[in-house]
Amino acid sequence: MSFQEIKGTLPAGSYYFSGNEAVAEGAIAAGCRYYAGYPITPSSEIMERIAVRFKEVGGVFMQMEDELASICSVIGAVWAGAKAMTATSGPGFSLMQEAIGYAAITETPLVVVDIQRAGPGTGQATRVGSGDYMQAKWGSHGDYQVIALSPWSVQEMYEHSIEAFNLAEQYRVPVFVMGEEAVAHLRERLEVQATVRVFNRVKKHGTPPFGTDSMDGVPPMPAFGEGERLLVTGSTHDEFGIRKTDDPRAHARLVERINNKILANRGKIANTESWYLDGAEVVVVAYGFTARSALFAVELLRKTGKRAGLLRLKTIWPFPEEAIRDVGRSARKVLVPEMNRGQILGEVMKYARCEVSGLNQTNGEIIHPQRIVREVEAVL
Amino acid sequence: MIAKEKSGEQELFVSGHRACHGCGMALSVGHILKATGKDVIVVTPTGCLETFTSPYGYSPWRVPWIHHLFENGPSIASGVAAALKAQGRIHVRVLVIGGDGATFDIGFGALSGMLERGDDVLYICVDNGAYMNTGGQRSGASPMYSSTTTDPAGKISPGKSQMKKDLPAIIAAHGAPYVATASVAYLKDLEKKVKKAMEYHGPRYIQIDTPCPSVWGFSPDRTLEIGRLGVQSGLIPIIEMQGGMLTNVLKIKKKIPVEEYLKSQKRFSHLFRDGQHQKEIEKIQALADINIQKYGLLKDVEDKR
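Line by line, the protein sequences give chains A and B. Under this note's numbering, the first residue of the first sequence is numbered 12, with each subsequent residue one higher. Under this note's numbering, the first residue of the second sequence is numbered 9, with each subsequent residue one higher.
Keep in mind that a hint or two might mislead.
Straight-line alpha carbon distances no greater than 27 Å define the calculated DSSO-like cross-link-like pairs of lysine-lysine that follow [as the list claims (entries may be wrong)]:
| # | chain 1 | residue 1 | chain 2 | residue 2 |
| --- | --- | --- | --- | --- |
| 1 | B | K274 | A | K18 |
| 2 | B | K204 | B | K259 |
| 3 | B | K263 | A | K66 |
| 4 | A | K66 | B | K274 |
| 5 | B | K93 | B | K196 |
| 6 | B | K307 | B | K274 |
| 7 | B | K307 | B | K200 |
| 8 | B | K200 | A | K66 |
| 9 | B | K42 | B | K259 |
| 10 | A | K66 | B | K196 |
| 11 | A | K361 | A | K325 |
| 12 | A | K314 | A | K325 |
| 13 | B | K291 | A | K66 |
| 14 | A | K66 | B | K307 |
| 15 | A | K255 | A | K314 |
| 16 | B | K274 | B | K262 |
Derived DEER-like restraints, expressed as beta-carbon distance ranges [claimed, not checked]:
| # | chain 1 | residue 1 | chain 2 | residue 2 | range |
| --- | --- | --- | --- | --- | --- |
| 17 | A | T206 | B | G225 | 48 to 58 Å |
| 18 | B | A94 | A | V390 | 51 to 61 Å |
| 19 | A | G245 | B | S23 | 46 to 56 Å |
| 20 | B | K163 | A | V71 | 17 to 27 Å |
| 21 | A | T206 | B | G162 | 26 to 36 Å |
| 22 | A | V243 | B | Q18 | 18 to 28 Å |
| 23 | B | N256 | A | E199 | 36 to 46 Å |
| 24 | B | H29 | A | E199 | 33 to 43 Å |
| 25 | B | R97 | A | N271 | 50 to 60 Å |
| 26 | B | S227 | A | G69 | 37 to 47 Å |
| 27 | B | G162 | A | E109 | 52 to 62 Å |
| 28 | B | K93 | A | E366 | 39 to 49 Å |
No wet-lab data here; the hints were simulated from the structure. Only a predicted model underlies this, so the values are computations on that prediction, with no experimental measurement involved. Just so you know, even glycine gets a beta-carbon here, dropped at the ideal spot from N, CA and C.
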């Protein structure tokens, strides 16, 4: 409906970019013109590039005094009509969680890029980890939904940054690009097209900004100063933004809608990619940078006649339940390699009705393909 | 090099850590601890000081030390100080040594809370005017028209367009009994101030100018010289406030034009590249002149009064 094809902000062609540079360019291409951030390794290159590029394309870059201020000023900018984002890493993402809950209940579309490093605490600031996936889902209190994407290449750091804005605008929800240090600092080829498909938030004069009868459950979103009577509050509110903190029905209606607008559209949002799944006895379910090792491992195994396959999760939240159910039916065994202690393993176990095991590593290094090969060979 | 077990008689911050060559911060911390003596617990927020003093074999601390999150050095210190007091261990004092990012920006709210409660903590800010630990992004302490990675000078911008936050004045306004600024280029003055601060109880603050060769862009053997130029130009006023009143200043011996300071560092080099930035240089000179007038930094100005 509101998708349109617009001219890209970089000349079409091949680039040799780092993942962080690709994020900045993807966001700019998607129409992001407000960025607020705070320095943190390994994400700082995103803001450093934005600081320069926004001067060229006419955006507003703000360095804030901390991550609380960063995300809250993004929320302010969104209500003033901008497409806005911030980027951070685990510790900063932790600080942002209260505001993420606020963004969820006020249905504020925004993008947070979380370049994950090895935690908890300050942990290993310059090393890779995938430990923020559960925080992305459950970091704020209460029941709410978010969308979290898991890029595995510099190309996808670019594409997911565009898609993140499109999903945020379409569903009025916080969207996370869950990069990892390894892909953020990786340099490889990036192909940029001449045009970009973008979604701009739906506006409809005179309709309530926080309630809708439409099938997708997403109300149109006005900005400040566009002539609507706009009241925005993080307290429970009705469809007009009127505070209803003592009304059980209003609270249930709001909470159910902000959850269902994502869950009911899970089939459209959740994305996976299949590699060598035909006749695969053992399926590796992987995401992010680990999926690169997993693909390498699966191809090695296939070369020696072993029937291994890969299901790559491009979206983590909402969780691609159906794709997991399918591999659970066709495969004998599922292996989930992760650079954490099994955050997604539990999710896979919920939906795959076969033997599921994890391969976990928390040492700040990527999982080597040979480890995955050995693990698969042990069960084949 | 590995941190030395024994280096002189009373060294509490020994050599062999991993700071860059010519690091003003590393030099100042040694002298801070010389002045406090060994009965202190040091709290260090995330930053250069934390990273270059904590790897195995390279830790120079000979006093108890805690690193924690970026934003809450003052809160940790408040907790340590209150618990020591409750246990009657009043001879042990609490010291925060944090960078300008932790102090001016992310930890500012926590610092204000510590000051307002009147907690017995000496907070020392080792100020190098940007986020050096993450590669030199701007901070609330970055001087006007300096070029940083997130406020870079170029065709459109002359660098940071805002003034450095006047944190000592903000802290004095909280009613802190002792507030001072110092420079690593004047080590005797620095040590004297730390000693004096230790005589007070309640929240105290010292802000130390610590030039950073790596990000400011100068040769590591010029750290003290650059520090002196900052002070002698009036850009870095060295002052002391007791009970909210200005009680002492370090007089400028011979006033130098700010150009001399600016030209010595790469972070200001854009101001001299094309001759287009006379206005910015004049503005910086005006800031120095305001300092000189406000604090009475010149000897003859004082005499005329």
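Consistency of the hints with the structure:
no.: 1; hint: B:K274 <-> A:K18; verdict: violated, 38 Å
no.: 2; hint: B:K204 <-> B:K259; verdict: holds, 19 Å
no.: 3; hint: B:K263 <-> A:K66; verdict: violated, 38 Å
no.: 4; hint: A:K66 <-> B:K274; verdict: holds, 22 Å
no.: 5; hint: B:K93 <-> B:K196; verdict: violated, 31 Å
no.: 6; hint: B:K307 <-> B:K274; verdict: violated, 31 Å
no.: 7; hint: B:K307 <-> B:K200; verdict: holds, 21 Å
no.: 8; hint: B:K200 <-> A:K66; verdict: violated, 46 Å
no.: 9; hint: B:K42 <-> B:K259; verdict: holds, 25 Å
no.: 10; hint: A:K66 <-> B:K196; verdict: violated, 45 Å
no.: 11; hint: A:K361 <-> A:K325; verdict: holds, 19 Å
no.: 12; hint: A:K314 <-> A:K325; verdict: holds, 25 Å
no.: 13; hint: B:K291 <-> A:K66; verdict: holds, 23 Å
no.: 14; hint: A:K66 <-> B:K307; verdict: violated, 45 Å
no.: 15; hint: A:K255 <-> A:K314; verdict: violated, 62 Å
no.: 16; hint: B:K274 <-> B:K262; verdict: holds, 24 Å
no.: 17; hint: A:T206 <-> B:G225: 48 to 58 Å; verdict: violated, 42 Å
no.: 18; hint: B:A94 <-> A:V390: 51 to 61 Å; verdict: holds, 58 Å
no.: 19; hint: A:G245 <-> B:S23: 46 to 56 Å; verdict: holds, 52 Å
no.: 20; hint: B:K163 <-> A:V71: 17 to 27 Å; verdict: holds, 18 Å
no.: 21; hint: A:T206 <-> B:G162: 26 to 36 Å; verdict: holds, 29 Å
no.: 22; hint: A:V243 <-> B:Q18: 18 to 28 Å; verdict: violated, 60 Å
no.: 23; hint: B:N256 <-> A:E199: 36 to 46 Å; verdict: violated, 59 Å
no.: 24; hint: B:H29 <-> A:E199: 33 to 43 Å; verdict: holds, 35 Å
no.: 25; hint: B:R97 <-> A:N271: 50 to 60 Å; verdict: holds, 57 Å
no.: 26; hint: B:S227 <-> A:G69: 37 to 47 Å; verdict: holds, 39 Å
no.: 27; hint: B:G162 <-> A:E109: 52 to 62 Å; verdict: violated, 36 Å
no.: 28; hint: B:K93 <-> A:E366: 39 to 49 Å; verdict: violated, 58 Å
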